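Protein chains in written order, with my numbering: chain A, 7 to 393; chain B, 607 to 790; chain C, 37 to 138.
Take the hints with a grain of salt, since some may be wrong.
[Stated by the list, open to error] Keeping only pairs whose Cα atoms sit at most 30 Å apart, straight-line, the calculated DSBU-like set for lysine-lysine is: (1) B/K759 <-> A/K190; (2) B/K662 <-> A/K294; (3) A/K201 <-> A/K239; (4) B/K662 <-> A/K263; (5) A/K293 <-> B/K694; (6) A/K239 <-> A/K255; (7) A/K263 <-> A/K228; (8) C/K50 <-> A/K201; (9) B/K785 <-> A/K9; (10) A/K239 <-> C/K105; (11) A/K342 <-> A/K379; (12) B/K694 <-> A/K9; (13) B/K662 <-> B/K712; (14) B/K759 <-> A/K9; (15) A/K250 <-> A/K293; (16) A/K265 <-> A/K381; (17) A/K263 <-> B/K636; (18) B/K785 <-> A/K293; (19) B/K662 <-> A/K250; (20) A/K9 <-> B/K636; (21) A/K239 <-> A/K350; (22) B/K778 <-> A/K290; (23) A/K379 <-> A/K265; (24) A/K265 <-> B/K662; (25) B/K788 <-> A/K201; (26) A/K290 <-> B/K662; (27) B/K694 <-> A/K255; (28) A/K228 <-> A/K342; (29) A/K190 <-> B/K636; (30) B/K662 <-> A/K255; (31) A/K349 <-> A/K319; (32) B/K772 <-> A/K9; (33) A/K228 <-> A/K190; (34) A/K290 <-> B/K636; (35) B/K772 <-> A/K190; (36) B/K694 <-> A/K250.
Simulated from the structure, these hints should not be mistaken for laboratory data. The structure displayed is predicted, hence computed values, not measured ones.
What follows is the residue order along each chain.
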Amino acid sequence: MGKRIGMEVAIAAVEAVALCNIDVAAVYPITPQSHIAEHMADVIHDGRIDSEFITVESEHSAISACAGASAAGARAYTATSSQGLMLMHEILPIVSAMRLPICMANANRAVSGPLNIWNDHGDIMPQRDSGWICLFTENGQEAIDLSIMSFKIAEDPEVMLPCVVNIDGFQLTHMIEPLELPSKAEVAKFLPPRKPFASLHPDNPISMGCFAMPDTYAETVKAKETALVNSKKIVTKVFNEWAKRFGRKYSVVETYKSKGADTLMLTMGSMGETAATAVDEMRKAGKKVGLVKLRLWRPFPVEELKEAIKECKTLIVMDRAISTGGAGGPVATDVKSILYGEKKKPRVLNVIAGLGGRDLTVSDFVAMFEMAKKKKDETFELYGVRE
Amino acid sequence: MIEIRWHGRGGQGAVTSVEMMALAAIEAGKYAQGFPAFGPERRGAPVMAFNRVSDKPIKIRSGIYQPDVVVVLDPSLVGLVPVTDGLKPGGILIVNTAKPADELRKKLNYKGILFTVDATHIAREELGVPIANTTMLGAVLKATGVLGLASMKPPLEHRFGRVAAKNMSAMKRAFSEMKAAKAA
Amino acid sequence: MATKKTEQKKWPEKWHEVNPGCMVFAAGNAANYKTGSWKSQRPLTDNAKCIKCGICYIYCPEGCIQEVKDGFFEANLDYCKGCGICAHECWPGAIVMREEEE
Numbered sequence: 007m008g009k010r011i012g013m014e015v016a017i018a019a020v021e022a023v024a025l026c027n028i029d030v031a032a033v034y035p036i037t038p039q040s041h042i043a044e045h046m047a048d049v050i051h052d053g054r055i056d057s058e059f060i061t062v063e064s065e066h067s068a069i070s071a072c073a074g075a076s077a078a079g080a081r082a083y084t085a086t087s088s089q090g091l092m093l094m095h096e097i098l099p100i101v102s103a104m105r106l107p108i109c110m111a112n113a114n115r116a117v118s119g120p121l122n123i124w125n126d127h128g129d130i131m132p133q134r135d136s137g138w139i140c141l142f143t144e145n146g147q148e149a150i151d152l153s154i155m156s157f158k159i160a161e162d163p164e165v166m167l168p169c170v171v172n173i174d175g176f177q178l179t180h181m182i183e184p185l186e187l188p189s190k191a192e193v194a195k196f197l198p199p200r201k202p203f204a205s206l207h208p209d210n211p212i213s214m215g216c217f218a219m220p221d222t223y224a225e226t227v228k229a230k231e232t233a234l235v236n237s238k239k240i241v242t243k244v245f246n247e248w249a250k251r252f253g254r255k256y257s258v259v260e261t262y263k264s265k266g267a268d269t270l271m272l273t274m275g276s277m278g279e280t281a282a283t284a285v286d287e288m289r290k291a292g293k294k295v296g297l298v299k300l301r302l303w304r305p306f307p308v309e310e311l312k313e314a315i316k317e318c319k320t321l322i323v324m325d326r327a328i329s330t331g332g333a334g335g336p337v338a339t340d341v342k343s344i345l346y347g348e349k350k351k352p353r354v355l356n357v358i359a360g361l362g363g364r365d366l367t368v369s370d371f372v373a374m375f376e377m378a379k380k381k382k383d384e385t386f387e388l389y390g391v392r393e
Numbered sequence: 607m608i609e610i611r612w613h614g615r616g617g618q619g620a621v622t623s624v625e626m627m628a629l630a631a632i633e634a635g636k637y638a639q640g641f642p643a644f645g646p647e648r649r650g651a652p653v654m655a656f657n658r659v660s661d662k663p664i665k666i667r668s669g670i671y672q673p674d675v676v677v678v679l680d681p682s683l684v685g686l687v688p689v690t691d692g693l694k695p696g697g698i699l700i701v702n703t704a705k706p707a708d709e710l711r712k713k714l715n716y717k718g719i720l721f722t723v724d725a726t727h728i729a730r731e732e733l734g735v736p737i738a739n740t741t742m743l744g745a746v747l748k749a750t751g752v753l754g755l756a757s758m759k760p761p762l763e764h765r766f767g768r769v770a771a772k773n774m775s776a777m778k779r780a781f782s783e784m785k786a787a788k789a790a
Numbered sequence: 037m038a039t040k041k042t043e044q045k046k047w048p049e050k051w052h053e054v055n056p057g058c059m060v061f062a063a064g065n066a067a068n069y070k071t072g073s074w075k076s077q078r079p080l081t082d083n084a085k086c087i088k089c090g091i092c093y094i095y096c097p098e099g100c101i102q103e104v105k106d107g108f109f110e111a112n113l114d115y116c117k118g119c120g121i122c123a124h125e126c127w128p129g130a131i132v133m134r135e136e137e138e
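The whole structure should be built from the sequences, with the hints applied where relevant.
Written as structure tokens, this is what we have:
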């Protein structure tokens, strides 16, 4: 394997994408993604890869430019965060309906109102139903690995769907940590050039981005839904190939010290590492706790999650976002839904924490495990909000 | 695992210091994190930056609240910013200052382990600018022993190119000129 | 890069008949819809007055005016909707609009 070198995660993510021979990058800067936009511009300007960098005037244009490029057969990439992702919102379901394998990095950041540039998952949650494959990373190495894998997953002829890799803003993007970049040759072996199913070309005119009457639209929805649900097995296939080539194993749902645990905590994103340290401490003290990590958010890995939590009595679901006026956090709402029909299911407690970049320390996670023991009902908890 | 908090002012290179520290540690085969206090900054405003260095993989993604070491890059921050907040009992405070240690102790009401070095003066002489961030790296290495001086050479050379040698000299001077304050 | 042409049904009956991405592979099949059937006026050109400038061809919003033999211009009545812009723009007044019902 490669040598571990110190690198800022945002820079490393760009270096990883540069290894993937992208054709077009249309990126508009927004904190905390800005290092990605800047470095991608540098890499392309310096001629290190044969690519086009489109200096668009907004994120809406960024994703639109990527859509056009991808429709013409290019391997297209963009990156954004928070308000930028919200600005892309209307295009996201169009891109997935058009089955364009655009890959995007999202530096998770809170959504405005009030303006907040720090890490939470409030930006990706409103995009939940957009039909994109949605992956979460926990550390810088995963940001590199998943960025490269996202192209292979998205472009698979059985998938052909856009893919977003979530990298916690600041917490991960601005962190310098030891990372291994695969070599260009290794990535070339893993990721062949894109072979589009169809593309816009004057020699063979076709129409993309069409119109559907009420008598057809519902069938197109089922077609897209089926494609997204089926993509899970390709995600697993690509993960397994990565493990064989690079020695790092990923799964759509991962567990940490979950064997024999009475209480499990479900996390997504970098807070999982801090939670794992809390689990280590509590296990040392004899407490039967463990961790379940959701790596694939969409399509939701129903069977794998049910399998991971089948033995526990209490499941704490961590959300770093809220569905305002709804039933709590988006992850917990999905988890409760999929468990609804199960005869045997754990008590589910939803804890919403870390909003707007509020720090989650090891002791916070220990406190949440303790709180789970005492809490009787199953409503959601806004952790740490000063009353 | 050792946790270090750096205090500086925007533009003084505190973030570069933690970057050099992290890169040097990783180059030496250790695990490390280097990160700024996240958020908008401006020139001259008090900023903080952080390092974690460990022989084992670091699985913590939160801020540092109880550092083992606090480094103050700018003497004007003493008394302005609560630099000793959270410093672990038995922790180390390293301050860039020309003032005597006793005066610092009184000002901060601090009785713990204290090192001082006039890094600004060294930087002016060696680098021609009063930017003490690389100089102070020498003080941190001497006070903590977390890495050897030689480990700083590759990241400094990569980052500073032609002026790396001057930064190394400044760093080495701080390493040797740093003074350990008498116990309180 | 060109694409393979695949079978194009008028519209999918079952969900799995939807082309991926709802792509339409029949090139230029918008021409199958003869949209000129509801016009209430049609353009008539007097070639004696026509100076073959092509302004009518440029201004037609439908793009249905074509150059014909000897350099004159004619509207394709399958698609012409009778908007009258060609008549309005014609310098020598060679184009007049006539009621469709006549």
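Verification of the supplied hints:
The hinted pair formed by B/K759 and A/K190 meets the criterion: a straight-line CA distance of about 28 Å does not exceed 30 Å. Between B/K662 and A/K294, the direct Cα distance comes to roughly 24 Å. Compliance with the 30 Å bound is thereby established for this hinted pair. With a CA separation close to 20 Å, the supplied pair A/K201 and A/K239 stays within the 30 Å bound. With a CA separation close to 18 Å, the supplied pair B/K662 and A/K263 stays within the 30 Å bound.
A distance of roughly 27 Å separates the Cα atoms of A/K293 and B/K694; the hinted pair therefore holds under the 30 Å criterion. Using a Cα cut-off of 30 Å, the hinted pair A/K239 and A/K255 holds, with the two alpha carbons roughly 15 Å apart. Proposed proximity of A/K263 and A/K228 is contradicted: the alpha carbons are some 38 Å apart, above 30 Å. Between C/K50 and A/K201 the alpha-carbon distance is near 27 Å, which keeps this suggested pair within the 30 Å criterion.
Proximity of B/K785 to A/K9 is assessed by CA-CA distance (about 38 Å); at most 30 Å being required, the pair is judged violated. Pair hint A/K239 plus C/K105 does not hold up; C-alpha atoms about 61 Å apart against a cutoff of 30 Å. Restraint check: the Cα-Cα separation between A/K342 and A/K379 comes to about 19 Å, which is no more than 30 Å; the hinted pair holds. Proposed proximity of B/K694 and A/K9 is contradicted: the alpha carbons are some 34 Å apart, above 30 Å.
Distance restraint check for B/K662 and B/K712: the Cα-Cα separation of roughly 38 Å exceeds the 30 Å cut-off, and the hinted pair is therefore not satisfied. Between B/K759 and A/K9, the direct Cα distance comes to roughly 18 Å. Compliance with the 30 Å bound is thereby established for this hinted pair. Between A/K250 and A/K293 the alpha-carbon distance is near 35 Å, which puts this suggested pair outside the 30 Å criterion. About 23 Å separates the Cα atoms of A/K265 and A/K381, which keeps this hinted pair within 30 Å; it holds.
For the given pair, A/K263 sits about 25 Å from B/K636 by alpha-carbon distance, which is consistent with the 30 Å threshold. Pair hint B/K785 plus A/K293 does not hold up; C-alpha atoms about 47 Å apart against a cutoff of 30 Å. This hinted pair checks out: B/K662 and A/K250 have alpha carbons roughly 25 Å apart, not beyond 30 Å. Distance check on the hinted pair: A/K9 and B/K636 sit about 12 Å apart at the alpha-carbon level, within 30 Å; holds.
At most 30 Å may separate the alpha-carbon atoms for a hinted pair to count; A/K239 and A/K350 meet this at roughly 26 Å. Annotation: proposed proximity of B/K778 to A/K290 is violated, straight-line Cα distance about 43 Å (limit 30 Å). Distance restraint check for A/K379 and A/K265: the Cα-Cα separation of roughly 19 Å lies within the 30 Å cut-off, and the hinted pair is therefore satisfied. Between A/K265 and B/K662 the alpha-carbon distance is near 24 Å, which keeps this suggested pair within the 30 Å criterion.
Straight-line distance between C-alpha atoms of B/K788 and A/K201 comes to about 71 Å, which puts the hinted pair past the 30 Å bound. This hinted pair checks out: A/K290 and B/K662 have alpha carbons roughly 17 Å apart, not beyond 30 Å. In summary, the hint linking B/K694 to A/K255 is not supported, as the alpha carbons are separated by about 38 Å, beyond the 30 Å threshold. Annotation: proposed proximity of A/K228 to A/K342 holds, straight-line Cα distance about 24 Å (limit 30 Å).
With a C-alpha separation of about 26 Å, the suggested pair A/K190 and B/K636 falls inside the 30 Å cut-off, and the hint holds. Pair hint B/K662 plus A/K255 holds up; C-alpha atoms about 20 Å apart against a cutoff of 30 Å. With a C-alpha separation of about 13 Å, the suggested pairing of A/K349 with A/K319 holds against the 30 Å cut-off. Proximity of B/K772 to A/K9 is assessed by CA-CA distance (about 29 Å); at most 30 Å being required, the pair is judged to hold.
Of the supplied pair hints, the one linking A/K228 and A/K190 is violated, its CA atoms being roughly 39 Å apart against a limit of 30 Å. Only pairs whose Cα atoms come within 30 Å are accepted, and A/K290 paired with B/K636 is accepted, the gap being roughly 25 Å. Of the pairs offered as hints, the one joining B/K772 and A/K190 is violated, with about 35 Å between alpha carbons and a cut-off of 30 Å exceeded. About 44 Å separates the Cα atoms of B/K694 and A/K250, which puts this hinted pair outside 30 Å; it is violated.
Checked against the numbered hints above, the structure breaks hints 7, 9, 10, 12, 13, 15, 18, 22, 25, 27, 33, 35, 36 and satisfies the rest.
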